[in-house]
Amino acid sequence: MAEPVKLIGAVGSPFTHRAEAALRLKGVPYELVHEDLDNKSELLLRLNPLNKTVPVLLHGDRAICESLVIVQYVDEAFDGPPLLPTDPYDRATTARFWAHFMEHKCSMPFWMALWSGGERRKGFVEEARENLALLEEHLQVHGKRFLAGDAVGYPDLAGSYIPLMLDMFEELSGTSLMGDDEYPAMRRWVKEYNSDEAVKSCVTNKKQLAAYFRVKKDKYKMMVKAMLKQY
Amino acid sequence: MAEPVKLIGTFGSPFVHRAEVALRLKGVPYELILEDLTNKSELLLRHNPIHKSVPVLLHGDRPAICESLLIVEYIDEAFDGPPLLPIDPYDRAMARFWAQFIEQKCAKPFWMALWLNDGDKREVFVKEAKENMALLESRLHGKRFFAGDTVGYLDFAACGLALVLGVLAEVTGLSLVGEDEFPLLRRWADDYTSEETVKACLPPREQLVAHFSGKKDRIKLAVNAMACQM
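Heads up: the sequence lines are chains A and B, in that order.
Position 142 (the first sequence) corresponds to 142 in the working numbering; numbering is contiguous.
When you read off a place in the second sequence, starting at 1, and then add 231, the result is the number in the working numbering.
Quick caveat, the hints were computed from the structure, so don't treat them as lab data.
Possibly wrong hints are sitting among the right ones.
Capping the alpha-carbon separation at 20 Å, the derived lysine to aspartate or glutamate pairs in EDC-like fashion look like this [unchecked claim]: (1) A:K52 with B:E359; (2) A:K26 with B:E359; (3) B:K283 with A:E127.
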């Protein structure tokens, strides 16, 4: 009999979304355990003592932390549609390379562009747009529906914060990241991602995210302002 | 016939070392092309236009594979030979988790602890580096290497630590660990650097010491300039 799967996650966490979408895409039944990040449970702190954050996947008595490590685990531990291509070369160059890009190069400027203000924001927006241009080029050259193939996969999950947040970007930040006629392949990718059945079925969905960020907007802006003052 | 494999790297880089040791453990013949990172070649910039860094793996005429740990996973999957990552999905997840920890959390405090001039600022990083080392020490209980009895993915991911504890301690005159601290890690660093396959692709220690001694002032300048902005 299959061991129970639990996902400890939080509303408003794009990282939780990555793990949840992976489980749904793979067709793995799971229980979502809601965590209040302002009042962390003893369970979370015990299972993730290092980073003390969500998501944490519990498979039987095994705990796995870090959203992208979880996504790869879900792909390897369970049967179901593959989240990475089968060819080693495609795995390394399209799937893992672009996931790494989304996580390590693209993410920081995107979030900073969202929450920072004034002159500093201009720099972050510019950097975010340079990254979008690189993604645009990849999508156009690669010619697939998603970043590594024709189904949602690992790099799309890594970059899912973009389709999740893009609609709200202007409302939350007061600035636009892309014009209506810019980055057509990226726009198509965002639409495809958000229309995917497994993604749509995730409990941590866009409406909840939007509501969450509207409430937290000022807090995040203040945190970023304080952080940038030190630099 | 096997397609040629080339590795673009630079002397003394732990990132390049990861890729090189992976090729050797897998038994893959390769040509090493050394870059001068202060004067990057057209070859490097063409094959890694986004990150412009080493290592870069070229396998036949396929476009390049970049990022050291991605290269290691590619080598593991594309070639026959002993597995570099564990087979069990949970063990693989643990290896990836700790490799990510080393990449994201360890690199900066170790580097700053070694090169900062300001004693107070350095102390903060030394404390953080030691906390990280304690966590890694706990991963070595009952094991010779992070992977078990033979070297694997997490050992190469941590190779920078071996450099810090050995060569860089000598170059800076700063040992981040006391003689009775972290015995498992210190033993690991010795075992790792003397392991046959690893040793075959590590430059002799004197060469590494000379290389980093030569760069010492330049590194200190860059690190302390960065610290001023923090």
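Just pull the numbers of the violated hints for me, sorted ascending.
2
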